[in-house]
Every structure is written in C-alpha cells, then in structure tokens.
Amino acid sequence: GAVVSQHPSWVICKSGTSVKIECRSLDFQATTMFWYRQFPKQSLMLMATSNEGSKATYEQGVEKDKFLINHASLTLSTLTVTSAHPEDSSFYICSARDHRLAVAYEQYFGPGTRLTVT
Amino acid sequence: AQKVTQAQTEISVVEKEDVTLDCVYETRDTTYYLFWYKQPPSGELVFLIRRNSFDEQNEISGRYSWNFQKSTSSFNFTITASQVVDSAVYFCALSEAGNTDKLIFGTGTRLQVFP
Numbered sequence: 001g002a003v004v005s006q007h008p009s010w011v012i013c014k015s016g017t018s019v020k021i022e023c024r025s026l027d028f029q030a031t032t033m034f035w036y037r038q039f040p041k042q043s044l045m046l047m048a049t050s051n052e053g054s055k056a057t058y059e060q061g062v063e064k065d066k067f068l069i070n071h072a073s074l075t076l077s078t079l080t081v082t083s084a085h086p087e088d089s090s091f092y093i094c095s096a097r098d099h100r101l102a103v104a105y106e107q108y109f110g111p112g113t114r115l116t117v118t
Numbered sequence: 001a002q003k004v005t006q007a008q009t010e011i012s013v014v015e016k017e018d019v020t021l022d023c024v025y026e027t028r029d030t031t032y033y034l035f036w037y038k039q040p041p042s043g044e045l046v047f048l049i050r051r052n053s054f055d056e057q058n059e060i061s062g063r064y065s066w067n068f069q070k071s072t073s074s075f076n077f078t079i080t081a082s083q084v085v086d087s088a089v090y091f092c093a094l095s096e097a098g099n100t101d102k103l104i105f106g107t108g109t110r111l112q113v114f115p
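Residue numbers (the working numbering), protein chains in the order written: chain Z, 1 to 118; chain A, 1 to 115.
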C-alpha cells in the first residue's frame with residue numbers, strides 16, 4: 001500500500017521560532033498533498049492543498065504567510081510554521097494523492113507531527 | 001453546503017458488546033464519496049472504508065460492517081464483538097465529485113472498549 005511519512009513526529013520549539021515539517025510519499029508520486037491541523041479532541045481541518053510545482057491553495061482563515069507550504073517535488077511537501085506561537089501547538093497531518101489514480105478520491109495519510117510551542 | 005455530523009462524542013462499551021457509530025452527511029452533489037477512518041492513540045489515521053454514492057450495498061469486513069442509506073443520508077458503522085484494540089477515535093468523512101480533493105471530516109466519535 002501507499003506509504004506517507006512525516007518528519008519530525010514531534011517537535012517542541014520556543015515562541016517566535018520557525019518549524020519545518022516534511023511530508024514524503026515513499027512508494028508513489030504525489031501530484032497533490034494536503035495539510036491538516038487537528039487540535040486536541042477535535043476533528044481534522046484542512047489547511048491547504050499543495051500541488052507540485054505551483055502555489056498552495058489555502059482554506060479560508062488560514063494565513064498563508066504564517067504557514068508556508070512548498071511542494072518542490074512529486075514526493076515531498078513541506079510545511080513551515082513561521083514565528084510560531086503557543087496557539088499554533090497542534091497535531092499536523094499530511095496526506096498525499098497518487099496521481100496515477102484515475103479518480104481523485106484516494107488520500108493516503110501520514111502519521112502526523114505533534115507541534116508544541118512553549 | 002457539505003457537512004458531516006457524528007452526534008456521538010464518546011461511547012463506552014464492555015468487550016464483546018456490539019457498537020454502532022452514527023454518521024449523517026449533507027451534500028448537494030449526486031456523486032460523492034463517504035469514508036470511515038480510525039485514529040488510535042498513536043494519532044495515525046487508518047483508512048477503513050470508502051463508499052461511493054451509487055453503491056448502497058451494505059458491506060461487511062470481519063467484525064466491521066457499514067450501513068449506507070441515502071434516504072436518511074446516513075453511513076453508520078458497526079463493530080461486532082468489540083475488542084479493547086478497537087478503542088480509538090473514529091471519523092466519518094465526505095468528499096464530493098466536484099471537489100474530490102477536499103475531505104470533510106466529522107467531529108469524530110471516541111470509542112472506549114473496556115475489558
């Protein structure tokens with residue numbers, strides 16, 4: 001099956017610093033990757049859709065200058081939380097879509113990255 | 001507008017009991033997809049099932065079964081003879097044919113199975 005990895009699995013950073021999270025598709029090429037955020041005991045909320053070689057599309061209410069997304073290759077997307085604050089502490093999950101699929105409904109999820117901002 | 005409602009926030013059962021997790025969805029599309037995911041304490045989402053709107057047949061996979069009823073816009077999930085390892089948060093999700101990239105998740109149901 002399709003495997004998606006995330007690195008790091010958890011990170012603690014100080015307020016004001018930036019943190020980069022990587023999302024990789026290990027055994028398939030992903031033209032599209034998605035970034036979700038999940039606060040404790042809450043649902044997953046889509047933050048942005050990342051397409052290889054083009055700018056990400058952000059959901060309403062998500063600051064694109066704060067959450068920088070780069071999808072430079074078919075197997076890697078990165079999310080950088082800039083000038084992180086405690087309220088950015090959350091579980092960040094990425095998913096990827098295999099471009100070989102004719103119907104675009106299958107997303108493979110990564111294991112998530114827990115970010116804690118102190 | 002699309003929406004997924006999981007009215008049950010938390011359910012507790014004793015091992016070997018059957019349990020049903022409810023999911024009600026809203027969509028204006030005639031073609032859409034419904035999903036169930038399991039999120040154990042480790043956090044990783046585990047895909048359980050995908051169903052498209054034209055396939056109303058119920059599905060059984062081992063102890064898991066799903067009941068899709070378009071008439072009531074429901075896609076309920078039943079675990080038979082629950083086990084402690086079933087303890088997790090279960091999410092129902094919807095994507096529409098017009099925008100299959102976007103998964104709309106319900107708020108999740110936390111299932112605790114006690115020995």
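For the record, the hints were derived by calculation from the structure and aren't laboratory data. Quick caveat, the model's predicted, so the values are computed rather than measured. Idealized CB from N, CA, C, for every residue including glycine. Watch out, some of these pointers could steer you wrong.
What the hints assert, rightly or not - The list that follows gives simulated cross-link-like pairs (lysine-lysine, DSS-like), each with its CA atoms no further than 27 Å apart:
#1 A/K3 with A/K38
#2 Z/K64 with Z/K14
#3 Z/K64 with Z/K41
#4 A/K70 with Z/K14
#5 A/K38 with Z/K41
#6 Z/K14 with Z/K41
#7 A/K16 with A/K102
#8 Z/K66 with Z/K41
#9 A/K38 with A/K16
#10 Z/K66 with A/K102
#11 A/K70 with A/K38
#12 Z/K66 with Z/K55
#13 Z/K20 with A/K102
#14 Z/K55 with Z/K20
#15 A/K102 with A/K38
#16 Z/K41 with Z/K55
#17 Z/K20 with Z/K64
#18 Z/K64 with A/K102
#19 A/K16 with Z/K66
#20 A/K3 with A/K102
#21 Z/K55 with A/K102
#22 A/K70 with A/K102
#23 A/K70 with Z/K55
#24 A/K3 with Z/K64
#25 Z/K20 with Z/K66
Claimed, not checked - Taking beta-carbon pairs under 10 Å as the criterion, some of the chain A residues facing chain Z (in silico):
#26 S42
#27 E44
#28 V89
#29 T107
Against the structure, the hints come out as follows:
The hinted pair formed by A/K3 and A/K38 meets the criterion: a straight-line CA distance of about 19 Å does not exceed 27 Å. Annotation: proposed proximity of Z/K64 to Z/K14 holds, straight-line Cα distance about 21 Å (limit 27 Å). Simply put, Z/K64 and Z/K41 have alpha-carbon atoms about 25 Å apart, close enough for the 27 Å limit, and the pair holds. Taking the CA atoms of A/K70 and Z/K14, the gap is about 49 Å. The hint is violated against a cut of 27 Å.
Of the pairs offered as hints, the one joining A/K38 and Z/K41 holds, with about 14 Å between alpha carbons and a cut-off of 27 Å not exceeded. A threshold of 27 Å between alpha carbons decides the hint, and for Z/K14 with Z/K41 the separation of about 24 Å falls inside it, so the pair holds. This hinted pair does not check out: A/K16 and A/K102 have alpha carbons roughly 36 Å apart, beyond 27 Å. Straight-line distance between C-alpha atoms of Z/K66 and Z/K41 comes to about 24 Å, which keeps the hinted pair within the 27 Å bound.
Using a Cα cut-off of 27 Å, the hinted pair A/K38 and A/K16 holds, with the two alpha carbons roughly 19 Å apart. About 21 Å separates the Cα atoms of Z/K66 and A/K102, which keeps this hinted pair within 27 Å; it holds. The suggested pairing of A/K70 with A/K38 holds, with an alpha-carbon distance near 23 Å, which does not exceed 27 Å. For the suggested pair Z/K66 and Z/K55, the alpha carbons sit about 14 Å apart, so the restraint of at most 27 Å is met.
Restraint check for Z/K20 and A/K102: satisfied, since their Cα atoms lie roughly 23 Å apart, inside the 27 Å limit. About 17 Å separates the Cα atoms of Z/K55 and Z/K20, which keeps this hinted pair within 27 Å; it holds. For the hint linking A/K102 to A/K38, the alpha-carbon distance of about 18 Å falls within 27 Å, and the restraint holds. Distance check on the hinted pair: Z/K41 and Z/K55 sit about 31 Å apart at the alpha-carbon level, beyond 27 Å; violated.
Note on Z/K20 and Z/K64: the hinted pairing holds, with a Cα-Cα distance of about 14 Å set against a maximum of 27 Å. Restraint check: the Cα-Cα separation between Z/K64 and A/K102 comes to about 18 Å, which is no more than 27 Å; the hinted pair holds. Annotation: proposed proximity of A/K16 to Z/K66 is violated, straight-line Cα distance about 47 Å (limit 27 Å). Between the alpha carbons of A/K3 and A/K102 the distance comes to roughly 12 Å, so the proposed pair stays at or under 27 Å and holds.
Of the supplied pair hints, the one linking Z/K55 and A/K102 holds, its CA atoms being roughly 17 Å apart against a limit of 27 Å. Proposed proximity of A/K70 and A/K102 is supported: the alpha carbons are some 21 Å apart, at most 27 Å. With a C-alpha separation of about 37 Å, the suggested pairing of A/K70 with Z/K55 is violated against the 27 Å cut-off. At roughly 25 Å between alpha-carbon atoms, A/K3 and Z/K64 fall within 27 Å of each other, so this suggested pair holds.
Straight-line distance between C-alpha atoms of Z/K20 and Z/K66 comes to about 12 Å, which keeps the hinted pair within the 27 Å bound. Because the smallest distance between the Cβ of A/S42 and any Cβ of chain Z comes to about 7 Å, under 10 Å, the interface hint for this residue holds. Because the smallest distance between the Cβ of A/E44 and any Cβ of chain Z comes to about 4 Å, under 10 Å, the interface hint for this residue holds. A cut of 10 Å between beta carbons decides the hint on A/V89: the least distance to chain Z is about 8 Å, and the hint holds.
Residue-level restraint check for A/T107 holds (minimum Cβ-Cβ distance to chain Z is 5 Å; threshold 10 Å).
The structure shown violates the earlier hints numbered 4, 7, 16, 19, 23.
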